[in-house]
Structure formats: C-alpha cells, structure tokens
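Visitor: Here is how the chains run, residue by residue.
Protein chains: 2
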Amino acid sequence: MAWFGRFVQLANVKNSARPTNPNHFLTSLSHFSSTAGPAPAAAVRSRQPNLAPTRPDEKPRVVVLGSGWAACRLMKGLDTKAYDVVCVSPRNHMVFTPLLASTCVGTLEFRSVAEPIARIQPAISTAPGSYFFLANCTGVDPDDHSVQCETVTDGISSLEPWKFKITYDKLVVALGAEASTFGIHGVNENAIFLREVHHAQEIRRKLLLNLMLSDVPGISEEEKRRLLHCVVVGGGPTGVEFSGELSDFIMKDVHQRYAHVKDFIHVTLIEVFPIARVLDYNAFHLFPKLISQSLLQANEILSSFDDRLRRYATKQLTKSGVRLVQGVVKDVKSQKIILNDGTEVPYGLLVWSTGVGPSPFVRSLQLPKSPGGRIGVDEWLRVPSVRDIFAIGDCSGFLESTGKPVLPALAQVAERQGKYLAELLNSVAKAGGGRANSIKEIALGDPFVYRHLGSMATVGRYKALVDLRQSKEAKGLSLAGFTSWFIWRSAYLTRVVSWRNRFYVAINWFTTFVFGRDISRI
Amino acid sequence: MAWFGRFVQLANVKNSARPTNPNHFLTSLSHFSSTAGPAPAAAVRSRQPNLAPTRPDEKPRVVVLGSGWAACRLMKGLDTKAYDVVCVSPRNHMVFTPLLASTCVGTLEFRSVAEPIARIQPAISTAPGSYFFLANCTGVDPDDHSVQCETVTDGISSLEPWKFKITYDKLVVALGAEASTFGIHGVNENAIFLREVHHAQEIRRKLLLNLMLSDVPGISEEEKRRLLHCVVVGGGPTGVEFSGELSDFIMKDVHQRYAHVKDFIHVTLIEVFPIARVLDYNAFHLFPKLISQSLLQANEILSSFDDRLRRYATKQLTKSGVRLVQGVVKDVKSQKIILNDGTEVPYGLLVWSTGVGPSPFVRSLQLPKSPGGRIGVDEWLRVPSVRDIFAIGDCSGFLESTGKPVLPALAQVAERQGKYLAELLNSVAKAGGGRANSIKEIALGDPFVYRHLGSMATVGRYKALVDLRQSKEAKGLSLAGFTSWFIWRSAYLTRVVSWRNRFYVAINWFTTFVFGRDISRI
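If you're matching them up, the sequences are chains A and B in order. Residue 521 is where the first sequence ends in numbering that gives the first Met the number 0, and the numbering goes up by one at each step. Residue 521 is where the second sequence ends in numbering that gives the first Met the number 0, and the numbering goes up by one at each step.
It is worth saying that the hints were derived from the structure and are not from the lab. No experiment lies behind these values; they were computed from the predicted model shown. Ideal Cβ placement from N, Cα and C applies to all residues, glycine included. Be aware that a few hints might be false.
[To be verified] Think about it this way: if two alpha-carbon atoms lie no more than 27 angstroms apart in a straight line, the pair counts; the simulated BS3-like pairs of lysine-lysine are: (1) B:K318 x B:K471; (2) B:K332 x A:K332; (3) A:K261 x A:K314; (4) B:K474 x B:K314; (5) B:K75 x A:K261; (6) A:K335 x B:K162; (7) A:K261 x B:K164; (8) A:K251 x A:K318; (9) A:K251 x B:K471; (10) A:K162 x B:K335; (11) B:K261 x A:K162; (12) A:K75 x B:K80; (13) B:K418 x A:K162; (14) B:K80 x A:K261; (15) B:K80 x A:K251; (16) A:K80 x B:K261; (17) B:K418 x B:K80; (18) A:K164 x A:K261; (19) B:K261 x A:K164; (20) B:K314 x A:K261; (21) A:K164 x A:K439; (22) B:K164 x A:K75; (23) B:K429 x B:K439; (24) B:K318 x B:K251; (25) A:K318 x A:K261.
[To be verified] Residues of chain B clear of chain A, computed beta-carbon distances all greater than 10 angstroms: (26) P141; (27) I165; (28) G354; (29) P359; (30) G372; (31) K471.
Please build the complete structure, drawing on both the sequences and the hints.
Guide: Take a look at the structure:
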C-alpha cells in the first residue's frame with residue numbers, strides 16, 4: 000500500500016502549499032486522508048480464501064465445477080449450513096438455454112435469460128468459506144482430493160492467468176458438453192454455435208451487419224443474396240426454434256425496418272445425420288464413411304417428436320419461408336458450405352447446432368467413461384474407482400455396468416440430477432459423511448431414476464409442439480398449434496429462475512408484441 | 000443465382016431417388032422448389048440504391064453524416080415528402096448519452112439508451128430513395144457534390160470493406176467529436192472512454208471481471224487493491240455521474256453480492272486541467288508546459304456549475320467514498336497512471352472523460368475552421384466557401400468572423416441545431432431551393448441562436464444538481480438534493496426518444512430499486 004500513502008501525501012502537500020486559496024478539494028482531501036482513507040493493513044481483516052484441506056472446526060467443502068443447469072440446481076439445493084460451496088466456472092451466470100434462441104433476434108433480451116450464480120446461491124458471495132471463482136478447471140487429482148484452476152482473463156493482455164489449487168471434501172463435476180462438429184473442417188472458424196449468451200450476441204450482431212451491408216450501393220445481387228442467406232445446420236429443437244424465430248423476425252421486423260432488402264433474405268435449415276448424436280463420438284471418427292452412407296435414411300427434423308408433430312413442424316416452417324433440406328456437410332469455408340456431392344451453398348450467417356459431445360477436458364480426465372466418452376457414473380451419480388467425486392449433467396453418463404442407457408443431453412436431465420445430488424449430499428452430511436473419505440459407511444438411499452416429463456419446441460408464428468409423453472410409444476398428451484405455443488410460453492415463464500428475469504421475460508414478450516424487436520446493433 | 004438453382008435441383012434429385020420412401024421432406028422440398036423457391040432474377044425488382052446526382056423527377060437528396068443528437072434530431076425533423084434522406088454512420092442507433100453512465104453498473108440496460116435510427120426516421124428503411132448505410136465517410140468533394148464512403152465490417156476478416164460514392168443535393172456534417180487525450184501516452188491503449196454503448200459494455204465487463212479476479216486464492220492484498228481501484232479522470236458531468244453511479248453500485252450491490260472483497264474497492268476521481276477543454280486543441284500541443292503550470296489554479300469538478308452546487312457535489316461524493324484528487328497525468332501504463340511529479344497510481348479500471356475535441360477526419364477536411372479546429376459555420380450553420388454543406392453538433396463551431404463564441408459540446412446544443420437546420424432545409428425545399436446549387440437566391444430566415452436551458456448532473460445516492468440559469472451570473476432556479484434528483488430523472492425520462500425506451504428506462508429503474516443491479520457478466 001506504499002503507493003497509496005504516497006498518493007495521499009502528495010495530495011496534502013499540494014493543498015498545504017496554497018493555504019490562502021482554499022477550495023472544495025481541501026475538504027475532500029482532508030477527509031480522504033483521514034476517515035475515508037485506507038485503513039491500516041492490519042485492520043483490514045484478511046478474507047483471503049483458505050482452500051487447504053478443511054479443518055475439523057470448518058464445514059466440509061463441496062467444490063462444483065460448472066455453472067449450467069446441473070451445477071446451479073445442485074448449488075441451489077445444497078444445505079449451506081452443512082457445507083461450504085465453492086463454484087469454479089468461466090462464466091458467473093447460468094443461461095436459461097431454452098429461451099436463448101429468442102435472444103438472437105431481439106424477441107428477448109440477453110440479460111433476461113442470464114441468471115447470476117450469486118442470486119441462485121447467495122452463500123457463494125457472502126458466506127466466509129464459500130466462493131465463486133471465474134476460472135477454468137485444468138486438472139483433477141483424486142488422490143490429493145484437489146483440483147487445479149486457472150483464472151479467466153478474457154483476452155486482457157495485461158493480466159496473467161493466475162493458477163491456484165482447491166482442496167475438496169466432495170467434488171461435483173458438472174462441466175457440460177460442447178457443440179459437436181464431427182471433425183468437419185472449418186466449422187469452429189466460420190459457424191456460430193448457439194449455447195452461450197455470447198453466441199447469441201454474435202449471431203445478432205452479424206445478422207444486423209449483413210442486413211445493412213446488403214443495402215450498400217453497388218453490391219451485386221448475388222452477394223446481396225449470399226449476405227442474407229441464413230443457414231442453420233441441425234434439425235434438433237435448437238435449430239428448429241432458431242429457424243422459427245428468424246422467420247418471425249424476417250416476416251415482421253425485416254419487412255418493416257429493412258424494406259429495401261426484404262426480398263433477398265432467406266433461411267435454410269439443413270438437417271444432418273441425427274444418427275451421429277446418439278453414437279459414440281469416437282465411433283464417428285473411426286467409421287465416418289459407414290455413417291455418412293446411412294445418413295440419408297435417417298434425415299428428419301425434431302426426431303424426438305412423433306410423426307404427426309414433425310409433419311406439423313415441417314408444414315409450419317415451410318409456410319414461414321424456411322427451406323428444409325438434407326445434406327452431408329463436407330467442408331465449411333468462410334462464405335460457403337460444401338456438401339458431400341460438391342454442391343456449394345453460399346451463406347452470410349451460419350448457425351451450427353448438431354448436438355453436443357464431451358469436451359476435450361472431460362475426455363482427458365483419468366476417470367471411468369460411459370459409452371460416448373462421458374464421465375461414467377453409477378446409479379447414485381458417483382464416479383466409481385475414486386472417492387468423493389460425482390458427475391452430473393451433459394458431461395456424465397451411466398456406466399455400461401449399470402445396465403442403464405446414457406441419458407440425453409437435456410436441461411431437464413441435468414436439473415433433475417442436480418436436485419437429486421443436492422438431496423443426497425445433504426443427507427450424507429446429516430449422517431456425518433460430509434468430510435473427505437468418510438462416505439463409505441453411509442447408506443445413500445434410492446438411486447437416481449430419470450422420468451421424462453415431455454418435450455416442447457416452438458416453430459414460430461405463435462405455434463409450438465408439446466409432447467407430454469414419456470416416449471414416442473407411450474400414451475399421453477401430444478399437441479401442436481397455438482395452444483401448445485401458449486403452454487410453451489407459460490411453462491418456460493414459470494421455469495425461469497428468478498422473479499427479476501421472469502418479470503423481464505414477460506416485459507420483453509410484451510414490448511416485442513407492441514413495438515417489435517429491437518434492431519440497434521450494439 | 001446459379002448455386003441456388005443447383006441446390007434446389009440437388010434436393011429434388013435426392014427426393015426423387017427414393018420415391019418409395021416419402022417423408023416429410025418431400026413436401027417441404029417440392030414446396031421449396033416451386034412456390035417458396037427464389038423468384039426468377041427478373042421478377043425480383045432491383046432495389047439497388049441509385050446514388051448518382053438526383054434527376055428532376057426525383058426528390059433532392061440530403062446526405063447526413065453521423066447518428067448522434069444533431070444528426071438524429073435533424074433527420075426526425077426533415078420533411079421526407081420534400082427530401083430523400085441518406086444517413087451514413089458506423090452505428091445504426093443513437094445513444095442517449097446523458098444516461099450512458101448508468102448503464103456501466105447495470106442501473107439501466109444498454110438497449111434502454113440506444114435508439115435505432117430506423118425508428119427515429121422510418122423513411123431511411125422504407126422510402127425508395129432514402130437509406131441508412133453502416134459506413135464511415137472517408138472524403139468530401141464539395142465541387143463534385145459527393146462523399147466517399149467505406150462500409151464498416153467490424154473486424155470480420157472475410158469481408159472486404161466496400162467503397163462507394165454518394166452524390167448530395169445538401170450535405171449535413173454531424174460527425175460529432177472524439178474523446179480528448181491531450182496527446183498523453185497510453186490513454187488510447189489503456190483507458191476506456193465513455194461515449195458509446197460499447198464503452199459502457201467494456202467498463203461493465205472489466206469491473207465485474209476485476210471483482211471476481213480479486214477474490215481468487217493467493218492473490219496479494221496489494222494486487223487485490225489495485226484490481227479494485229477504479230480511477231476516473233475528468234471532473235465534468237460524465238466523470239462525476241459515473242463516479243456517483245459507481246459508488247452507488249459499491250455501496251449496495253458490491254456489499255451484497257461481492258461481500259468478500261467489499262473493503263478493497265475504491266473510487267478515485269482525478270480532475271485535470273479543465274482549461275484545456277476550452278483551448279484550441281493545437282495550442283495545447285504547442286505550449287504544453289505553459290498550460291500545465293497554470294492547471295492547479297483551475298482545478299475543480301463540475302466547473303460549469305456555481306460554487307454552492309459544486310460544494311454540494313464534492314460533499315456528496317466524498318460522503319459516498321469517492322476520493323477527489325487533482326493532478327496532471329503524464330503517462331498511462333497498463334496497470335498504473337504516472338502523474339507529473341512521479342507519483343504512481345495503480346488502477347484496475349481507468350475511465351477517461353476529459354472532454355472532447357475534433358476527430359482526425361474532421362481536422363483533415365479542407366473546409367473553413369472555427370477556433371478549436373471544428374468545422375466553421377456561419378449563423379445559419381452553413382459552411383462558407385462551399386455550396387450546400389452544413390455542419391451541426393460537436394464537430395462544428397461558429398467562425399471567428401461571426402463574432403459568436405464556439406458553443407460547448409453539449410447534447411442540447413446539438414439537438415437544437417438539428418431542429419433548427421431541419422426547419423431551415425424544409426423551408427428551403429418549399430421555396431424551391433432543395434436541389435444542389437439552387438439555394439443562393441432564397442432567404443434563410445432567422446439565424447441560429449442558442450439559449451442555454453440549464454444543466455443537470457447526478458452525484459449518486461438519489462441526489463443531483465439542477466441549474467436552470469442561462470449562465471452562472473444570471474438569475475433563476477438552481478438547486479441540489481433529492482428534489483433535483485427527481486427533476487433529473489423526470490426530465491430525462493421525458494427526453495428519451497421512443498416510448499419503448501421510455502418504458503424500459505422506467506422498468507430498469509424500478510427493477511434496480513427492487514432487485515438490485517444485474518451482475519451477470521455477459
């Protein structure tokens with residue numbers, strides 16, 4: 000704090016040098032150097048996080064890696080009287096992913112779908128032993144019961160990433176998954192995924208940029224058409240919902256606010272090999288030919304819904320001007336996609352949404368793996384062969400030995416696992432097993448069982464699909480149309496985490512209806 | 000459109016290759032290749048902007064450079080039955096600058112202070128001869144009555160900037176000003192200005208990053224204090240309002256959501272040489288020593304307000320923990336400021352707000368100049384010696400020959416000039432002088448006269464200053480405190496351009512009051 004003392008001194012000298020000319024600063028500076036000045040170093044209680052192994056007089060520490068559905072639901076449910084919670088993630092918020100597609104075109108605002116973790120579990124910012132660290136986990140040491148982390152500095156060159164170690168009593172890995180590119184060249188460089196708020200921001204900025212660039216004098220009609228060709232690869236719920244939102248945006252807002260170029264903008268949805276989504280990621284790399292030959296048989300959008308609903312979605316989307324095509328993408332260049340048969344598809348905006356797979360970090364972990372390369376867990380979501388490590392959400396899957404299938408990478412699976420594990424850990428703590436290496440004698444209760452509550456997807460123009468059956472074969476409610484859309488909106492509105500965001504989502508929907516979508520490119 | 004035809008063909012071939020296996024795509028694809036397919040090239044009416052000199056059967060064209068207060072008020076007021084309007088600007092929205100400081104800490108959302116130009120003047124996106132171009136002006140040719148432009152591609156490497164020319168009947172230069180750095184080394188690289196939405200976004204991201212980084216285990220107390228030292232350079236309304244907002248954020252939200260580090264965060268406001276703001280930019284470069292010696296006499300915040308209000312502001316800010324100091328900045332490094340006497344001031348966030356000066360492009364224009372290097376105008380805001388060119392807002396100033404002082408760079412000056420010029424151009428068009436080179440015989444009416452309506456500034460904690468006098472010496476209302484704050488909020492709420500944003504500003508204020516500020520770092 001030497002610099003600070005000197006700074007104060009300097010300010011005082013300057014003031015005392017002209018005592019005959021008192022000005023407002025005199026007050027402020029004397030105040031500054033006495034009461035408001037920095038307290039002596041000793042008086043500032045050191046709140047340096049102590050992340051060595053917990054002592055008997057401390058609460059046991061649960062370290063949570065990640066801040067998605069699974070991690071956040073877990074943290075919300077954890078009993079902070081029984082545990083200290085430490086969360087490590089490169090983002091300080093949870094994204095309400097089902098509504099992310101709506102933010103790309105301004106139907107919803109970005110902040111309406113982002114929930115700060117400190118609001119989901121206030122302990123991480125207030126309790127003495129609980130923390131949130133904006134960092135990536137770089138290594139797990141099960142024997143030492145510790146994780147290695149490195150701070151996220153976000154491209155600020157003046158900041159060196161800071162490395163630190165956290166010891167855990169319980170470790171929950173909830174690192175999620177990352178977008179699958181199936182090793183296709185150029186996807187990472189040229190396509191935009193749709194998994195984080197910054198992806199949605201990038202899509203919105205690029206879409207608005209292209210709309211404006213295409214209106215510039217002297218640009219050829221072909222280039223104009225390319226700039227305004229929005230291609231979505233992947234016919235799952237995200238790709239379909241985004242296509243629907245995009246066509247709504249075009250029909251209402253582009254026609255009104257970009258009338259000069261409205262006839263040039265088009266949306267194409269390319270459905271590619273849904274089969275690869277359920278296959279082992281590695282299998283695709285080993286047998287790409289085999290798989291690509293069998294693809295055309297399996298092509299269809301929204302494969303998790305039944306035939307009737309799929310037909311309805313197809314009809315609605317084509318009615319809205321979305322072109323549905325099938326193809327196998329071979330290569331992605333900066334302005335065009337090249338299909339397997341050599342066809343070139345120029346584009347101005349390319350959104351890639353062909354499912355997810357485990358991240359390189361998850362694959363690199365020396366832990367048991369499930370089919371598909373996820374972290375393998377038993378029926379209680381424990382990682383066997385190591386102690387006190389659990390895995391939930393998209394990064395985890397049942398081990399083959401459990402005889403259960405790997406669950407799909409869905410928000411509702413992750414959320415349910417987070418809730419289950421919070422209850423399990425709370426009961427473990429009550430039984431005195433919170434501390435590291437103390438769990439083995441404790442009964443864990445019922446294993447985790449997943450019951451599918453149903454699927455929903457909007458297709459634009461106030462229409463949606465709702466399928467409340469446990470599987471395609473089961474009996475139950477499945478419907479499509481405006482009523483479904485109303486159910487879709489109501490259901491998600493009640494699922495939004497906080498009252499603040501619930502309020503903003505409703506307000507956003509209202510203003511989109513009344514004033515149209517916002518087109519400022521900020 | 001060759002690629003498109005081929006694409007359609009391909010899709011059809013694929014479908015016809017398996018006629019025994021009809022699926023939903025068959026419908027969609029036949030639809031795609033017939034009705035919803037691209038219309039033949041001839042049928043798509045070419046809407047390519049024609050920006051050659053206007054023909055007698057066209058409306059005369061007003062080209063507006065810029066999208067700030069002056070440009071937007073002008074475009075709003077222009078009679079689009081008499082003129083085609085073409086706006087050239089690197090951003091497609093206007094920023095409601097008086098509320099920008101509030102967005103840095105989340106009191107308001109970014110979009111609540113950004114107004115799309117297409118909503119201010121809908122003609123630019125719908126009328127056949129009116130356009131908005133996302134571009135920078137790179138040259139003005141008064142003899143040819145044309146401007147050269149280059150599209151903004153925003154760092155997207157696959158897009159080459161596109162150059163084009165626009166011919167004007169009337170040209171309005173409203174390019175604004177840029178932040179003054181007085182040639183101090185390192186300011187552009189390390190400090191953040193506060194003039195655009197992306198500046199506010201950068202400040203918010205950096206502030207939240209620093210709050211989180213400072214909580215990481217093992218970081219030294221000195222580094223923690225540096226990361227959380229927010230330095231504001233410049234004691235004008237922007238610097239003061241930002242400091243006030245920042246201290247509000249610290250007192251409420253940091254104490255609640257970043258409780259671990261709340262004792263380490265501090266705000267320092269450094270006031271530097273207000274004298275340089277009214278001096279010729281060039282003079283400062285010629286006589287830097289002379290000026291820096293005289294600086295300490297003139298140091299005080301909010302120099303445009305009277306003593307009583309300034310004293311009040313000083314008291315309020317220091318009460319909120321803002322340190323007010325004076326100094327001459329010599330050099331800015333990535334983590335510290337160096338003052339003239341060698342004192343080093345470490346910082347984590349540096350916001351620079353020491354007034355504005357003409358941009359290099361404005362200085363490079365071969366047009367008459369006012370004192371201070373702005374574009375020189377006569378009493379009717381015309382640029383003499385060239386025909387049909389007008390200049391308004393911060394980029395313009397009265398010529399010395401008019402005997403009038405250069406007006407301050409304020410939103411209310413720019414707005415008034417925009418309004419005045421819109422009326423002048425409308426009446427010129429009515430009198431048949433809209434066309435290039437046809438204005439000279441027409442009486443222009445009353446010259447532009449600026450009457451200052453007063454100044455306002457918030458200082459945080461529901462307090463503000465309001466001075467409704469024309470000058471410090473004049474009689475009239477001047478008050479400080481909660482009532483002023485209420486006047487400040489009400490006044491700005493009514494000034495916000497659209498009902499949509501007025502609604503959102505009110506909602507943002509409401510949710511900030513109820514739920515606190517948003518701290519998601521997106």
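Visitor: Decide, hint by hint, whether the structure agrees.
Guide: Hint check results:
no.: 1; hint: B:K318 x B:K471; in the structure: holds (26 angstroms)
no.: 2; hint: B:K332 x A:K332; in the structure: violated (40 angstroms)
no.: 3; hint: A:K261 x A:K314; in the structure: holds (22 angstroms)
no.: 4; hint: B:K474 x B:K314; in the structure: holds (24 angstroms)
no.: 5; hint: B:K75 x A:K261; in the structure: holds (24 angstroms)
no.: 6; hint: A:K335 x B:K162; in the structure: holds (23 angstroms)
no.: 7; hint: A:K261 x B:K164; in the structure: holds (23 angstroms)
no.: 8; hint: A:K251 x A:K318; in the structure: holds (14 angstroms)
no.: 9; hint: A:K251 x B:K471; in the structure: violated (51 angstroms)
no.: 10; hint: A:K162 x B:K335; in the structure: holds (23 angstroms)
no.: 11; hint: B:K261 x A:K162; in the structure: holds (23 angstroms)
no.: 12; hint: A:K75 x B:K80; in the structure: violated (60 angstroms)
no.: 13; hint: B:K418 x A:K162; in the structure: violated (57 angstroms)
no.: 14; hint: B:K80 x A:K261; in the structure: holds (23 angstroms)
no.: 15; hint: B:K80 x A:K251; in the structure: holds (25 angstroms)
no.: 16; hint: A:K80 x B:K261; in the structure: holds (23 angstroms)
no.: 17; hint: B:K418 x B:K80; in the structure: holds (17 angstroms)
no.: 18; hint: A:K164 x A:K261; in the structure: violated (55 angstroms)
no.: 19; hint: B:K261 x A:K164; in the structure: holds (23 angstroms)
no.: 20; hint: B:K314 x A:K261; in the structure: violated (56 angstroms)
no.: 21; hint: A:K164 x A:K439; in the structure: holds (25 angstroms)
no.: 22; hint: B:K164 x A:K75; in the structure: violated (59 angstroms)
no.: 23; hint: B:K429 x B:K439; in the structure: holds (14 angstroms)
no.: 24; hint: B:K318 x B:K251; in the structure: holds (14 angstroms)
no.: 25; hint: A:K318 x A:K261; in the structure: holds (17 angstroms)
no.: 26; hint: P141; in the structure: holds (20 angstroms)
no.: 27; hint: I165; in the structure: violated (7 angstroms)
no.: 28; hint: G354; in the structure: holds (19 angstroms)
no.: 29; hint: P359; in the structure: holds (24 angstroms)
no.: 30; hint: G372; in the structure: holds (30 angstroms)
no.: 31; hint: K471; in the structure: holds (15 angstroms)
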